[in-house]
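Sequence lines, in order, name chains A and B.
Numbered per our numbering, the first sequence spans residues 72 to 152.
Numbered per our numbering, the second sequence spans residues 2 to 181.
These are calculated hints, taken from the structure and not from any lab test.
There is no bait here: all hints are sound.
With a straight-line cut-off of 20 Å between C-alpha atoms, the simulated EDC-like cross-links for lysine to aspartate or glutamate are:
hint, chain 1, residue 1, chain 2, residue 2
1, B, K119, A, E86
2, A, K139, A, E86
3, A, K131, A, D100
4, A, K94, B, E127
5, B, K119, A, D82
6, A, K109, A, E134
7, A, K109, A, E77
8, B, K74, B, E154
9, A, K101, A, D82
10, B, K74, B, E161
11, B, K121, A, D82
12, B, K74, B, D158
13, B, K121, A, E86
14, B, K74, B, D42
15, B, K121, A, D114
16, B, K121, A, D120
17, B, K38, B, E161
18, A, K139, A, D120
19, B, K119, A, D114
20, A, K131, A, E150
21, B, K74, B, E127
22, A, K94, B, E60
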Amino acid sequence: MTTYKEAQVLDVTGELCPMPVVKTRLALDKLTHGQIIKVIATDVASCDDMPAFARAQGHKLLEARSEKGTYTYWLQKGEGV
Amino acid sequence: MTTLGERIVLDAQTFNRLHAQSHKETDVRRLALVASKGTLDMAYPPLILATTAAAMGMEAGVFFTFYGLDILKKSKHNRLQVAPLGNPAAPLPVPNILGAIPGATAAATWVMNGMMRKQKMPTIGEFLALARQLNVRLIACTTTMGIMGVKKEDLLDGVELQGAAAFLEYASKAQVTLFV
Chain A
72 MTTYKEAQVL
82 DVTGELCPMP
92 VVKTRLALDK
102 LTHGQIIKVI
112 ATDVASCDDM
122 PAFARAQGHK
132 LLEARSEKGT
142 YTYWLQKGEG
152 V
Chain B
2 MTTLGERIVL
12 DAQTFNRLHA
22 QSHKETDVRR
32 LALVASKGTL
42 DMAYPPLILA
52 TTAAAMGMEA
62 GVFFTFYGLD
72 ILKKSKHNRL
82 QVAPLGNPAA
92 PLPVPNILGA
102 IPGATAAATW
112 VMNGMMRKQK
122 MPTIGEFLAL
132 ARQLNVRLIA
142 CTTTMGIMGV
152 KKEDLLDGVE
162 LQGAAAFLEY
172 ASKAQVTLFV
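Bound conformation, chain A alone (with noise of 0.2 Å):
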């Protein structure tokens, strides 16, 4: 497994959609290009809500790992946003 150097770690455990979004966007705002941040979240929407707000807005969805209803993303910060 890879191992990535996050910037930031927002657990959003718990949260509905469209929280793991919103505030995914939210904690991105305050990192700089390039940078990268782990989301862990439990719900399943978010499978297909944070590969289409990495593509909406320009970021790079690094690794996707889901482990008993656990869903986990790492996303580097793109440019220009």
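Please build the complex by placing chain B on the supplied structure of chain A, with the hints as guidance.
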């Protein structure tokens, strides 16, 4: 840029500039919503969609008209209610006819607010704050304000006042428009 008969041949630099420009233009996506209802259950969907759109980098604007205007009122936005009467899906496990008894609306509202809190969902007031933080345009319908005697100072700070034509112009440039 050189012209070959009718064909225009662009040099790489010009092509890249124009391509970047057109890409940028089509890249701006917009969501325009109409929020026409002032009940707790109908206040959530437009605010959820608008904040999500803005979080994704889309432009988002919500036009609050008729009862939807209550969502923007200082005095009302945190006291919206959900009525069980004529709303069989409302969160109160009683037969629909009992929705008419006094206190049924307050009870259903209490239940729904509890459900939201249990799932860590923001309140309507918190959603409005998020929306403003993400630059969602919150637009109050001026005709509704006139009909219902609502003044600008009754509404939350940062709310815009607009008529139908201005909103339609904004919405006509949106890829997603929904009426709630």
